[in-house]
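2 protein chains.
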Amino acid sequence: MTTTAPGYTFDATLDRSPVTMDQLAELEASVLWSDDDREALRRAGEILVPQTEQILDVWYGFVGGNAHLVAAFAGADGQPSGEYLGAVRERFGLWIRDVCERDHDQQWLDYQNEVALRHHTSKKNATDEVDSPAGYVPLAHLIALIVPITVTIRPFLANGEPDAAAVDAMYQAWFKAVTLTVALWAHPYAPDTW
Amino acid sequence: MTTTAPGYTFDATLDRSPVTMDQLAELEASVLWSDDDREALRRAGEILVPQTEQILDVWYGFVGGNAHLVAAFAGADGQPSGEYLGAVRERFGLWIRDVCERDHDQQWLDYQNEVALRHHTSKKNATDEVDSPAGYVPLAHLIALIVPITVTIRPFLANGEPDAAAVDAMYQAWFKAVTLTVALWAHPYAPDTW
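For the record, the sequence lines run as chains A and B.
Everything in the first sequence is counted per the numbering used here, starting at 3 for the first residue and increasing by one.
Everything in the second sequence is counted per the numbering used here, starting at 3 for the first residue and increasing by one.
Just so you know, the hints here were simulated from the structure itself, not pulled from any lab data.
In this text, a Cβ means the ideal position worked out from N, Cα and C, and glycines have one as well.
Please note that the accuracy of each hint is not assured.
Unchecked claim - So these bits of chain A aren't anywhere near chain B, every CB distance computed over 12 angstroms:
{"id": "1", "residue": "Phe12"}
{"id": "2", "residue": "Leu16"}
{"id": "3", "residue": "Glu28"}
{"id": "4", "residue": "Arg44"}
{"id": "5", "residue": "Ile49"}
{"id": "6", "residue": "Glu92"}
{"id": "7", "residue": "Asp107"}
{"id": "8", "residue": "Glu131"}
{"id": "9", "residue": "Ile148"}
{"id": "10", "residue": "Pro164"}
{"id": "11", "residue": "Phe177"}
What the hints assert, rightly or not - Over 10 angstroms on every C-beta distance to chain A, these chain B residues come out as not near it, computed from the model:
{"id": "12", "residue": "Thr6"}
{"id": "13", "residue": "Gln53"}
{"id": "14", "residue": "Gly66"}
{"id": "15", "residue": "Gly80"}
{"id": "16", "residue": "Glu85"}
{"id": "17", "residue": "Gln109"}
{"id": "18", "residue": "Trp110"}
{"id": "19", "residue": "Val132"}
Claimed, not checked - SDA-like, lysine to any residue: derived pairs with alpha carbons at most 25 angstroms apart:
{"id": "20", "chain 1": "B", "residue 1": "Lys126", "chain 2": "A", "residue 2": "Ala31"}
{"id": "21", "chain 1": "A", "residue 1": "Lys126", "chain 2": "A", "residue 2": "Tyr62"}
{"id": "22", "chain 1": "A", "residue 1": "Lys126", "chain 2": "B", "residue 2": "Glu28"}
{"id": "23", "chain 1": "B", "residue 1": "Lys125", "chain 2": "A", "residue 2": "Thr195"}
{"id": "24", "chain 1": "A", "residue 1": "Lys126", "chain 2": "B", "residue 2": "Leu87"}
{"id": "25", "chain 1": "B", "residue 1": "Lys126", "chain 2": "B", "residue 2": "Ala7"}
{"id": "26", "chain 1": "B", "residue 1": "Lys125", "chain 2": "B", "residue 2": "Gln25"}
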């Protein structure tokens, strides 16, 4: 497992998120986040990180099979760009690790803001220097993808944990963390009514 | 179970949704929606609709216990308005039924647009003629509430169905439908990048 990738700037000096730690705490309350979820996700990380490539194969298979989703990865010729898909894939793998392992501190919050901007017109295509006709990831699909990014993770959890209740706990924690992340990534789309 | 409520205008002549049926089909693909989910939700409706008041008790208990959520129901004095909470509650109950039973046709899509506008600055407080300082439901919490609205439904499904696999199927279908709905309700918040 790589520990960094081009464009992965979690540990860099980042712009401050417009979302405050107090607002983050409210969002955590809205998704029923608890210390038990943090524990469960750390355990999930031990199981999921070694399976990162297989998980990405499932997700990329799904995106590749849906023209309206792969459109976000169009290159200058309007066709899916292998280079762009590959560059994002590396960071997506690190995202799996980060969801499981990182604390929700100011640095984490600031990086969520950076990633949010990279989905939005503000910064899309800049990190990978792609001349893409896709100027943003549509908000509707950012939200909708909570489902496949959640439900596809369960069999990977079950691969590493025989106890169904423990799998459930990790699965719920993953669901909460993914939804929380999407809520944060929605900020640039509606800064005044977020 | 009531079949209508003040402000419930599903069957009225509604403004056309800015979302097309083709866009709806793409969103359905993004949430992995299938005919099996429609079937599972119809069965879920048989189980959930008779438990509507108990489900609403759980949801309202959660909202009432979180100051940042109940703030959406503030009346003119800034305090939670019992009248406003009650009026929304009636329609929320009908929403449970509609999630389970309604086809995703043009009329359904148009009503999702109407409800979306009622969360947004466009129309919030108008239906119930409330003079509320809360001008919109924050987009972040609209997204975040996918979690509690999903995970709290499972025990109600299990109350009416002993087979765990059948409960799972209904639960996944509910999760997909709720996420799809939130994606649609996000439209007024970011019409240009939706």
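Problem set entry | Broken hints, by number | Going through the list in order, the structure violates hints 3, 9, 11, 24 and respects the others.
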